[in-house]
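Quick note, the sequences are listed as chains A and B, same order. Counting in the numbering used here, the first sequence runs from 1 upward without gaps. Counting in the numbering used here, the second sequence runs from 1001 upward without gaps.
Fair warning: there could be bad hints in the mix.
[Unchecked claim] Here chain B is said to cover these stretches of chain A; the calculated rule only asks that three of the stretch's residues, wherever they fall, bring their Cβ under 8 Å from a Cβ of chain B:
1. 42-53
2. 61-72
3. 75-88
[Unchecked claim] DMTMM-like, lysine to aspartate or glutamate: derived pairs with alpha carbons at most 20 Å apart:
4. A/K39 / B/E1345
5. A/K39 / A/D49
6. A/K107 / A/D77
7. A/K107 / B/D1366
8. A/K78 / B/E1345
9. B/K1244 / B/D1218
10. B/K1088 / B/E1345
11. A/K97 / A/D153
12. B/K1244 / B/E1345
Quick caveat, the hints were computed from the structure, so don't treat them as lab data. Keep in mind that this is a model prediction, so the values were computed, not measured. Every residue gets a Cβ at the ideal spot worked out from N, C-alpha and C, and that includes glycine.
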Amino acid sequence: MSLLRPDLAVIADHIPDGARVLDVGCGDGALLSDIRLRKQADVRGLEIDPANVAAAVGRGLPVVQGDADTDLGYYPDKSFDFAILSQTLQTTRRPDKVVEELLRIGKQAFVSFPNFAHWRGRLSLLWGGRMPVTRLLPERWYDTPNIHHLTIDDFRALVRERGWTIDAQWFLNDERTTGSANANLFAEHAVFLLHA
Amino acid sequence: MSMDSAIASTDQRFGLRRSVRLPGPLRLDSGASLTPVDIAYETYGTLNAQGSNAILICHALTGDQFVASQHPVTGKPGWWTRAVGPGKPIDPERHFIVCANVLGSCLGSSGPASTDPATGEPYAMRFPVITIADMVRAQAMLLNHLGVEQLAAVVGGSMGGMQALVWPTLYPDRVRAVLVIASTARHSAQNIAFHEVGRQAIMADPRWHGGDYYASGDSPSAGLAVARMAAHITYLSEAGLTEKFGRKLQAREAKTFGFDADFQVESYLRHQGISFVERFDANSYLYITRAMDYYDLAEDHDGSLARAFSETRARFCLISFDTDWLYPTAESRVIVHALHAAGREVSFVELASPYGHDAFLLDAPDMNRVIDGFLRACE
């Protein structure tokens, strides 16, 4: 029914009606627009790219231009039910601090990211000896915005280390959800719902 | 409905080139009060039956009420026809648009050139010093006169943005949306410094006469022109000036080794200065720049900008331009952060433009898209 990117569709489906939501790195506001309409969510967005912000505000969304690395500190504690960081974690300068901020601002946080330990990437590095360029990670090492490559197991380790709690997790392969068995090898994307 | 609009169309309060004398008194921040209060304004479109479609546009330092109609002195089209007009984001087909000449100005609203009822002479420097908040209070008085209880939006760029920001802090129930373009929450030391240069240029002109020049038929036009030239530089970007003029010479092959306007940029600035004095009063320039320098939204709220917004209920949208060094993006961000801290709903975007501070008056398709989306979301 919705034309959202698969990880966003997972998140949208799990936002309860009327929730207060901050989407960090909201792009042109596709997710916010969807949950405002379908879930009557009270939405806010933060986005770094001015053209995306203009597009989002042009569709009537309250979106602020800013940087996840520097601008989250200005949001009050627990001012949202959910803070969302979708496919942005790997582009931030300090991913750990960004998640920490998400969990301070939101009662819960959705974090989605591409899994760099997917078997295709592993093979490409193992046999080709080159940094993987795949359908879902199409940029080359020098022009990719992804500056902190991580795997599902890396993220789980960070969660453990910081004492955060995972409330739910979803894994995506070929745009469908897949089981959590060997997710670190077989999932292209992961979506985590967590709280501090 | 048709009866209502028929009444509206003949109602002398509405239309172009209107003015009203309100008895006041208007109590000013300085402690003085003003009576009567003249306000010159224009309205476009029709106030709907629910009174829910009113938009107040606040003009900048040397702007005026002729936002989308021909200027009576210069003959030029309105100063914001790019954003205001049929099919534009602020549209008289949908909105009831009000634009008033600010208090202290010289296009028909009470200012230093107005007659002081106590003496029968022009106020000149006996006009009370006013603030941005005083301008807003005068606008609220005008809206009472027009029967507008609540604004769908208050919109302004530069000094107009300052008024737009003050609006919900003074009248939280009277404004639903606030759109602030290329503006700031306070005047910085640099802003004040540039204004002081302009004021000193005026006051150094021997024809200023302590402000009492109205009877002489002469005015400190040289000083005012220099003030305008200095200010105009701050409205442009270095890149814009370089692109437009570079080091090109003005209608000559070589430097003259003199002090004529050898360079195009000099000629351009002189033209800006000379054409400005035809339409603006030097004393008004002193008063309005003073009001801007006194402006610090946080100051009236124990230094906390977030507290300034704590009683507001409006939605906010801020737009800045990347080459604006008069009110740079960082100033807009300060406001955005304060609005977040106050839990208000806010949109913000920094748009790219080569034109510096003046970008908001020029062609900016992205700006129109943002204004349109924001206003429609608030309807």
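Okay, the hints, checked on the actual structure:
Three residues within the 8 Å Cβ limit are the bar, and the region 42-53 of chain A against chain B gives 4, so the coverage statement holds. Coverage of the region 61-72 of chain A by chain B holds in this model, with 7 residues showing a Cβ closer than 8 Å to a Cβ of that chain against a need of three. For a cut-off of 8 Å, the count of residues in the region 75-88 of chain A with a CB near a CB of chain B stands at 3, and the three-residue condition holds. Among the hinted pairs, A/K39 with B/E1345 is consistent with the structure: their alpha-carbon atoms are about 18 Å apart, no more than 20 Å.
As the CA atoms of A/K39 and A/D49 are separated by approximately 26 Å, the hinted pair breaks the 20 Å bound. With a C-alpha separation of about 9 Å, the suggested pair A/K107 and A/D77 falls inside the 20 Å cut-off, and the hint holds. Taken as a hint, the A/K107 and B/D1366 pair is broken in the structure, with Cα atoms around 35 Å apart against an allowance of 20 Å. Note on A/K78 and B/E1345: the hinted pairing holds, with a Cα-Cα distance of about 16 Å set against a maximum of 20 Å.
Restraint check for B/K1244 and B/D1218: the C-alpha separation of about 34 Å exceeds 20 Å, so the hint is violated. A threshold of 20 Å between alpha carbons decides the hint, and for B/K1088 with B/E1345 the separation of about 24 Å lies outside it, so the pair is violated. With a C-alpha separation of about 18 Å, the suggested pair A/K97 and A/D153 falls inside the 20 Å cut-off, and the hint holds. Of the supplied pair hints, the one linking B/K1244 and B/E1345 is violated, its CA atoms being roughly 39 Å apart against a limit of 20 Å.
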